[in-house]
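Student: The primary structure of each chain is shown beneath.
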Amino acid sequence: MKHLVSILDLNNKDVNKIFSIAKHFEEVLERRVKKVPALIGKTLALLFIEPSTRTKTSFELAARRLSCDTISLSVSTSSLKKGETLEDTARTLSSMKVDCAVVRHPHEGAAKKLASLNLFPVINGGDGKGEHPTQALLDAYTALKKLKSLNGKKVSIIGDVLHSRVARSGIELWHRLGAKVTLVGPPTLLPRHLPEYVDVSYRLDEVMKNSDILYFLRIQRERLGGECLAGIEDYRDLYALTKDRLKNLRRDVVIMHPGPVNRGIELDPEVIYDERSIIEEQVFEGLSIRMAVLTLLLSEKGGFHEIPA
Amino acid sequence: MKHLVSILDLNNKDVNKIFSIAKHFEEVLERRVKKVPALIGKTLALLFIEPSTRTKTSFELAARRLSCDTISLSVSTSSLKKGETLEDTARTLSSMKVDCAVVRHPHEGAAKKLASLNLFPVINGGDGKGEHPTQALLDAYTALKKLKSLNGKKVSIIGDVLHSRVARSGIELWHRLGAKVTLVGPPTLLPRHLPEYVDVSYRLDEVMKNSDILYFLRIQRERLGGECLAGIEDYRDLYALTKDRLKNLRRDVVIMHPGPVNRGIELDPEVIYDERSIIEEQVFEGLSIRMAVLTLLLSEKGGFHEIPA
Amino acid sequence: MKHLVSILDLNNKDVNKIFSIAKHFEEVLERRVKKVPALIGKTLALLFIEPSTRTKTSFELAARRLSCDTISLSVSTSSLKKGETLEDTARTLSSMKVDCAVVRHPHEGAAKKLASLNLFPVINGGDGKGEHPTQALLDAYTALKKLKSLNGKKVSIIGDVLHSRVARSGIELWHRLGAKVTLVGPPTLLPRHLPEYVDVSYRLDEVMKNSDILYFLRIQRERLGGECLAGIEDYRDLYALTKDRLKNLRRDVVIMHPGPVNRGIELDPEVIYDERSIIEEQVFEGLSIRMAVLTLLLSEKGGFHEIPA
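Going down the list, the sequences are from chains E, X and Z. Residue 285 in the numbering used here is what sits at position 285 of the first sequence, and the numbering runs on without skipping anything. Residue 35 in the numbering used here is what sits at position 35 of the second sequence, and the numbering runs on without skipping anything. Residue 123 in the numbering used here is what sits at position 123 of the third sequence, and the numbering runs on without skipping anything.
Please keep in mind that the hints were generated in silico from the structure rather than gathered at the bench. Computed from a prediction, not measured in an experiment: that's the story for all the values here. Don't take every hint at face value.
[What the hints assert, rightly or not] Only some residues are given here: those of chain Z computed to face chain E with a beta carbon under 7 Å:
hint	residue
1	Leu29
2	Val33
3	Lys35
4	Thr57
5	Leu61
6	Arg64
7	Lys146
8	His163
9	Pro260
10	Glu280
11	Val283
12	Phe284
13	Leu287
[What the hints assert, rightly or not] Here are the simulated DSS-like cross-link-like pairs (lysine-lysine), alpha carbons at most 25 Å apart as the crow flies:
hint	chain 1	residue 1	chain 2	residue 2
14	X	Lys97	E	Lys148
15	E	Lys97	Z	Lys35
16	E	Lys2	Z	Lys35
17	E	Lys17	X	Lys97
18	X	Lys2	E	Lys35
19	Z	Lys2	X	Lys35
20	X	Lys17	Z	Lys97
21	E	Lys146	X	Lys97
22	Z	Lys23	E	Lys97
23	Z	Lys23	X	Lys23
24	Z	Lys97	E	Lys97
25	X	Lys35	Z	Lys148
26	X	Lys97	E	Lys23
27	X	Lys97	E	Lys35
28	Z	Lys35	E	Lys35
29	Z	Lys146	E	Lys97
30	Z	Lys35	X	Lys35
31	Z	Lys17	E	Lys97
32	E	Lys35	X	Lys35
33	X	Lys146	Z	Lys97
34	E	Lys145	X	Lys97
[What the hints assert, rightly or not] Label pairs and their calculated CB-CB ranges:
hint	chain 1	residue 1	chain 2	residue 2	range
35	Z	Glu108	X	Asn12	21 to 31 Å
36	Z	Thr85	E	Lys146	54 to 64 Å
37	E	His107	Z	His107	29 to 39 Å
38	X	Met1	E	Leu246	21 to 31 Å
39	E	Glu30	Z	Leu144	46 to 56 Å
40	Z	Val33	E	Ser116	24 to 34 Å
All C-beta atoms, glycine included, are put in the ideal place defined by N, C-alpha and C.
For reference, chain E alone in the conformation it holds in the complex (with noise of 0.2 Å):
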């Protein structure tokens, strides 16, 4: 059974299955119908048990349109609350003769945990400072659409790289492409043991003109005045992209953020629609990405078959 818990369970052929598959279905989404029977009498379960309306909405979204039934198991409305575990909840959806799960868990590790019982191919949504691996396949993917090749493309990441599964996910599947990575944050935010293609900078400055792609992370709010950060007022004067910034910023650069952006934390309101910013389209692609993921895990070859029309 096939899972997608971590970048490292795809290779590259996987890689480029899904951004392969993932144009078809972009065409699918600009159609007046946008909707296939790829796989109809299948159910996916989102099991949310930390909040998160833009993935789970992007999840949901993908799966109608492939006319995949979906079942929500929140935390509110879960059993979970009467002590049910996980493994319980997953048993039983199994048994329900679910074909798939998206989890997105506060705790690390809990997707691996899932996968390992192999009842269902498991997508990890999220999981604590864990991974994140739809959303480095679609921020790639929006990346190489608009630059053609990354190789060799300069790629730097800005935040707290230390917490952000956005980020353990992407460094990887950024690396593989041929990008050149480089972390940018406050010493505080940054991991201390990094692989030896990594590059680190404490200053956004230094590096915004030998970027390609900047790539701004969502900062936790509740970080900022606390033991790492003297506040948001200082994180925005090293880190953020200010509307002054803007203004210094190369005309060919690419502007990413995972979003929901902070308005006037990591990103200025102006830089949000700015012409080189292409926030937009990641979510789009939020979307072909998903859809291609769960084309193939559901498929009946174990993800090696002929697209659906």
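With chain E's structure known, arrange chains X and Z on it following the hints.
Tutor: Okay, now just chains X and Z, sitting in the frame of chain E:
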């Protein structure tokens, strides 16, 4: 792009078109298979920032019966908690190729603001004390079906008119369809500035005999016993359709209420199922009117097309 | 109009019919496309006034796999907060042409009250300590599949029988299918007035060897440590299927539980996945039984018709 934010967004031709399509869908709703493929592959977002079972369920069922997918973003599960604005959410939904949104919001003007982005057609599902246009349409349509014509008919709207979005949308539409509107309530709960064509009365007993339609508004319990009103008993004495008042009522009067009824406050329980009440018909027509509005807003030709069988 | 409020609503012919249709749907659930168009254009309302993931998900999936739309009205999003009664909600749903409702309610009698309005077929999804007829049906059906016949079989129901709607519905059905029922629990948690055909025991160890089926009820944690029971340890000593008791268990006994299991209270974790446990099969048959019940209640001919392929 067309929106339905205010009843003023519709000219008389639009209103007639909606009524005519609603008539078609009424018939669909009586079929064995209560579903048509009209909006297959489309997605309606339900943005309910204020709780509402009735309106939300009505839109949700209307969409399903047109084979339209729905996606629900309620307050509790939404990223609005994380500081995301309604505009950000709307832009995200637009990038995800959502085709239309219904918005219920505690603040007047919220639906208009969203519509002004022109991301997708926006339907106002009630904005503070602003407007509630589909409620006005379904009310007028239900009354029209009962009375054949509204021309010259006397409509009394009773209750807290000042804070009522239902009344705000209704007054305009009743008037436009030829009815004579009288507002009835305590002086503190009636608007100060009114169109010339509207009459005012402080006593239900005065207008009861001359009214063809008695339209009771829902009282917000929190307003009773406050500055505006002495209490439930005083309100009942003057403005409720009690069991006693029911005895003296004209045989041919029409009783309406947008629901849910505060039993024993604006209406006694006996009134709801009295043969002169068309409250249940209002709920039914809510579906057919909303199916008509969705079909018009989501059609290819901007609302002027043949209705699919 | 037919309802399923109590197991007494069904005669033996009805029970056999449900089992026979369930058998058909079992096969559908093993197909590649786990969906039939049986109830297309119909809508099932899920009225869960008390939280329940398992039963709600089971009904929701059962409906989807029959191509039946569902509409969910939970407590938190419902107008019940605004003072609307369950009857008002039901009348609204009826006006909206909803075809059937499942009701889960903390008060005994709630489903019966709703059914008495005869607005649409009502399924009791659990009413206080009243009944839970679909649970009884799926339990009996799962045991029947395992043991071929229940005639003369000895069923021990263990735990808080007094407050259990599962037991209330089950006792009647097990008996009717020819099984001999023994209730096992502390005297304070067993009903005082019992049908003559029911035996009582205060010790699990006494009945274990003679039971063909051990049916463990879920303990409400809040009852432990109160007046009725000394505490979890005392309960475990007398009534739990522990790892130790498992060793001495007959090879051919059948272990059942309605779920979710309180691990370490009524069952030790090892028991759940023991080869004698059919707990996962119960969950699976929950779907096929509910698909059968929905098909029968929503069919044109009042439940006597051919099943669609």
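Student: Regarding the pair Lys35 of chain E and Lys35 of chain X, is the alpha-carbon distance no greater than 25 Å?
Tutor: Given pair Lys35 of chain E, Lys35 of chain X holds - Cα atoms ~18 Å apart, limit 25 Å.
Student: Given Arg64 of chain Z as an interface hint, is its Cβ closer than 7 Å to any Cβ of chain E?
Tutor: holds (5 Å)
Student: Could you grab the alpha-carbon distance between Lys146 of chain E and Lys97 of chain X and see if it respects the 25 Å cut-off?
Tutor: holds (20 Å)
Student: Verify the proposed pairing of Lys97 of chain Z with Lys97 of chain E, using a straight-line Cα cut of 25 Å.
Tutor: Distance ~30 Å between Lys97 of chain Z and Lys97 of chain E Cα, so the pair is violated.
Student: Against the range 21 to 31 Å, how does the distance between the Cβ atoms of Met1 of chain X and Leu246 of chain E compare: consistent or not?
Tutor: Holds, at about 30 Å.
Student: Does Leu61 of chain Z hold up as a contact with chain E if the rule is Cβ-Cβ below 7 Å?
Tutor: holds (6 Å)
Student: Take the shortest C-beta to C-beta distance between Thr57 of chain Z and chain E; is it under 7 Å?
Tutor: With a closest approach of 6 Å, the Thr57 of chain Z hint holds.
Student: Let me know if the C-beta of Leu29 of chain Z comes in closer than 7 Å to any C-beta of chain E, holds or violated.
Tutor: holds (5 Å)
Student: Regarding the pair Lys97 of chain X and Lys148 of chain E, is the alpha-carbon distance no greater than 25 Å?
Tutor: holds (24 Å)
Student: Given the hinted pair Lys35 of chain X and Lys148 of chain Z, is their Cα-Cα distance within 25 Å?
Tutor: Cα-Cα ~42 Å, so violated.
Student: Under the criterion that the straight-line Cα-Cα distance not exceed 25 Å, is the pair Lys145 of chain E, Lys97 of chain X satisfied?
Tutor: Holds, at roughly 19 Å.
Student: With the threshold set at 25 Å, check whether the alpha-carbon distance from Lys35 of chain Z to Lys35 of chain E stays at or below it.
Tutor: holds (18 Å)
Hint check: violations occur at hints 7, 8, 23, 24, 25, 35; the rest are consistent with the structure.
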